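Chain by chain, the residues run as shown.
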Amino acid sequence: AQSVTQLDSHVSVSEGTPVLLRCNYSSSYSPSLFWYVQHPNKGLQLLLKYTSAATLVKGINGFEAEFKKSETSFHLTKPSAHMSDAAEYFCADSGTYKYIFGTGTRLKVLA
Amino acid sequence: NAGVTQTPKFQVLKTGQSMTLQCAQDMNHNSMYWYRQDPGMGLRLIYYSASEGTTDKGEVPNGYNVSRLNKREFSLRLESAAPSQTSVYFCASSPDRGLYQPQHFGDGTRLSIL
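Chains U and D, in that order, give the protein sequences.
The first sequence begins at 883 in this note's numbering and counts up one residue at a time.
The second sequence begins at 3 in this note's numbering and counts up one residue at a time.
Calculated directly from the structure, the hints in this document are not laboratory data.
Incorrect hints may have been included.
Across the chosen pairs, the derived CB separations fall in these ranges [claimed, not checked]:
| hint | chain 1 | residue 1 | chain 2 | residue 2 | range |
| --- | --- | --- | --- | --- | --- |
| 1 | D | SER20 | U | LYS924 | 23 to 29 Å |
| 2 | D | PHE12 | U | SER891 | 22 to 28 Å |
| 3 | U | ALA936 | D | GLU81 | 44 to 50 Å |
| 4 | U | SER908 | D | GLY65 | 28 to 34 Å |
| 5 | D | GLY18 | U | LEU889 | 39 to 45 Å |
| 6 | U | SER912 | D | SER53 | 36 to 42 Å |
| 7 | U | SER894 | D | SER53 | 41 to 47 Å |
| 8 | D | GLU61 | U | LYS940 | 27 to 33 Å |
| 9 | U | LYS950 | D | GLY18 | 48 to 54 Å |
| 10 | D | THR88 | U | GLY898 | 37 to 43 Å |
| 11 | U | PRO922 | D | GLY55 | 34 to 40 Å |
| 12 | D | GLY100 | U | ALA993 | 41 to 47 Å |
Nothing here was measured: the structure is a model prediction, and the numbers come from that model.
Glycine included, every Cβ here is placed at the ideal spot set by N, Cα and C.
If we strip away everything but chain D, and leave its shape as in the complex, we get:
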């Protein structure tokens, strides 16, 4: 049972380059999330998709775009990477976006912007 799969696991970019982080879940969950994790700051929500066909901004959306391609897949795009976007990015999913809903996480993408 794969759960949440993120690709790539590591990436180094130059400032101004673009890239898309991929995420897929096989648990038939409705809701999906993108977070970034920085030292001492916990996890901060970038974007989420409560259900297929919808996306909404989270706490730190600037510089990012997302696409909910279908129920399984939720991608995160950096159009013009900046050093401030160096971080570890986690994708997560949950059955629905409601109370008592635990989130299931992928193993992360470690992204460095030079």
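Chain U on its own, in the form it takes in the complex:
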């Protein structure tokens, strides 16, 4: 069955340090993976998407994600966190034409 698991519900980092938000997928089909960000009282905004053209995907605001089929993972990274990155992040898969979202990871950035 298709599923998306975000391994951490909360992540805290210091400003200027790297960010790692983890996502694992389970799909019988080739996955179609996305990362979205949600700021308070806002809707979800697309950060990046995996389209099978390249395993390393670059998104907006310095974020990138690497698709690893052997590990069924699509982790989101950023080299240096900024205060404005504090938000909730969602991984999603539409690999079977049915959009499945993870339960989200809340990122806290400490000054």
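With chain U fixed as given, assemble chain D onto it according to the hints.
Quick look at chain D alone, frame taken from chain U:
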């Protein structure tokens, strides 16, 4: 460029009351969706419309109805509101309902049922 617009932004209802949440998109997208977001549960699909004139149930359709009024508008109706329907509701749209199609979200309607 407005994108996806939801109205109202906030609403408080009493149990048993009815109301309709409105959603409109100006991106000429074919597919539209209604989700609810509850703490720790991510987003759950209520209903979707793959194209104008069609609607289908999602993961949690009970207690809701939808209308795809035209290509731009997709409304969600609560006929008899229950406290369990207290949630944040998001409307989204995508060019089509297929692989690699990102969804574009409105800012949500925060609904409380007393």
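Please flag the earlier hints that this structure goes against, numbers listed from lowest up.
6
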